[in-house]
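**Student:** Note that the protein sequences, when read in sequence, are chains A and B. Yeah, the first sequence ends on 243 if you go by the numbering used here, and it's all consecutive. Yeah, the second sequence ends on 243 if you go by the numbering used here, and it's all consecutive.
None of these hints come from the bench; they were simulated from the model. Treat the hints with care, as some may be off.
[Said to hold, decoys possible] Straight-line Cα separation of at most 30 Å, DSSO-like style, residue types lysine-lysine; simulated pairs:
#1 B:K181 x A:K55
#2 A:K181 x B:K91
#3 A:K236 x B:K181
#4 A:K181 x B:K236
#5 B:K236 x A:K96
#6 B:K96 x A:K236
#7 A:K169 x B:K32
#8 A:K181 x B:K59
#9 A:K236 x B:K236
#10 B:K32 x A:K181
#11 B:K55 x A:K181
#12 B:K181 x A:K144
#13 B:K32 x A:K32
#14 B:K181 x A:K32
#15 A:K181 x B:K181
#16 B:K181 x A:K91
#17 A:K236 x A:K55
Number of protein chains: 2
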Amino acid sequence: MNSTIDQIAQHRSIRQFTSQPVAPELISQAVKAAQQAATSSNVQAYSMLQISDPKVRHKLAELCGNQEKVAECGAFFVMCADSRRHRLLAKRANKKYQSHLEGFLVGVIDACLFAQNLAIAFESMDLGICYIGGLRNDLIQAQKLLNFPIGVYPLFGFCVGYPDEDPFKRPRLPLQAVLFKDQYPSDQEMLDLIDEYDQEMSTYYIQRGASGRTWSPQIAGFHEELRRGDLADFYKEQGANLT
Amino acid sequence: MNSTIDQIAQHRSIRQFTSQPVAPELISQAVKAAQQAATSSNVQAYSMLQISDPKVRHKLAELCGNQEKVAECGAFFVMCADSRRHRLLAKRANKKYQSHLEGFLVGVIDACLFAQNLAIAFESMDLGICYIGGLRNDLIQAQKLLNFPIGVYPLFGFCVGYPDEDPFKRPRLPLQAVLFKDQYPSDQEMLDLIDEYDQEMSTYYIQRGASGRTWSPQIAGFHEELRRGDLADFYKEQGANLT
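Isolated chain A (complex conformation) (with noise of 0.2 Å):
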């Protein structure tokens, strides 16, 4: 175990960040080395709006679902897929820009890898980092605050800052429940490795004071609602074709 890997494997999500902001300095050196992640073709399809204004963090604290963490971390961004270069440069050459589900996930794909790398630069610094998901809970009122341009596509929220807690460590799914050797398992299979699993998780949420929980009933129950379903129309006012 190298110390890079420790650190890895040693991530828990923030959600409670002392005031103390994110100096400029640690942001240019974390976001310059994290564009160094691989890129489609060199793409670079991805982009990064920071949030310092506080009534605008207030309000998307707000969307989020009253994620306080959003206004209260050291430093809020906005990790979007961006096709918006690619669109002005083809505008410049009066080359056609042709939207479609490739372009989309190349900067969905490109921003991710950057997020992450960004995520452990952040976190070799002693920071601590959560991704904000509930952005995609009303990116249309997200959109009339932070006028993000056409071909730009909003993702996710991301903290950083100085943690105010030390939470437990969330156990992960075995190995064997994740990684496959040359073909998938059976069902039941699966089925066998996610019983084992809840158990571990059984233990966990003991330990944590909530008793009788575990993984699989959260699950099973997950997807019974559509979430977030204006999210494919909003990209689509966005510039994505998603066909």
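Mind docking chain B on chain A? Use the hints.
**Tutor:** Leaving out everything else, chain B in the frame of chain A:
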């Protein structure tokens, strides 16, 4: 600069590998650490398939656009967004599983955060990696070879191995073209930043003996034609709903 940031900042994709295989213990160690990546509501909506059969590896190398490294690297994986576990649990609990863009997107994001953690973990072991977007060239044929179950959405290949080359590090866009404070720059400001990057890329290409090349012209024409137009249909066949 700490050693982790230094490592992130030094990334180059490796495209030529020695024939030395990657020991299974190293793979397990890296995957276990990478699993600690943040995951939306702990759904862990990803999986990876290791391909060890040389015949299948050769066939995949062809499908990915004759990328020999797919056959030759020390270990090759297919990274997938994966809703299968969620579907199995919903079925076991007699609950409905609703497929929607949010579910697909969560899977893609989860898979990418995991994959980038894995990239960093392997690189910290002095292994090299390369993402293979070319896997999306022909997912219908890949599916015939690899039999992904319903709910599994292959996204890209992932080569790992011992480097047999020492390539240049490719420069990235200026920080100011990627990280914005409170608002997006104007079109003209963005194009000015790109012109600055073109100068740097031009120097990079001269160093590599490809004088006259730079970034903008490649990007301007990159989206003129539809690419991988059957992607949406393929994912729908696998159970995705992109609306």
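**Student:** Run every hint past the structure and note whether it holds.
**Tutor:** Okay, the hints, checked on the actual structure:
1. B:K181 x A:K55: It holds: about 15 Å lies between the C-alpha atoms, which stays within 30 Å.
2. A:K181 x B:K91: Holds. A:K181 to B:K91 sits at ~25 Å (cutoff 30 Å).
3. A:K236 x B:K181: Given pair A:K236, B:K181 holds - Cα atoms ~25 Å apart, limit 30 Å.
4. A:K181 x B:K236: At roughly 25 Å apart (the allowed maximum being 30 Å), B:K236 and A:K181 satisfy the hint.
5. B:K236 x A:K96: Holds, at about 27 Å.
6. B:K96 x A:K236: 27 Å, holds
7. A:K169 x B:K32: The given pair, whose Cα atoms are some 13 Å apart, holds under the 30 Å limit.
8. A:K181 x B:K59: 17 Å, holds
9. A:K236 x B:K236: 18 Å, holds
10. B:K32 x A:K181: Satisfied, since the Cα-Cα distance of roughly 15 Å is no more than 30 Å.
11. B:K55 x A:K181: 15 Å, holds
12. B:K181 x A:K144: 16 Å, holds
13. B:K32 x A:K32: Holds, at roughly 27 Å.
14. B:K181 x A:K32: Distance ~15 Å between B:K181 and A:K32 Cα, so the pair holds.
15. A:K181 x B:K181: 45 Å, violated
16. B:K181 x A:K91: 25 Å, holds
17. A:K236 x A:K55: 28 Å, holds
Hint check: a violation occurs at hint 15 only; the rest are consistent with the structure.
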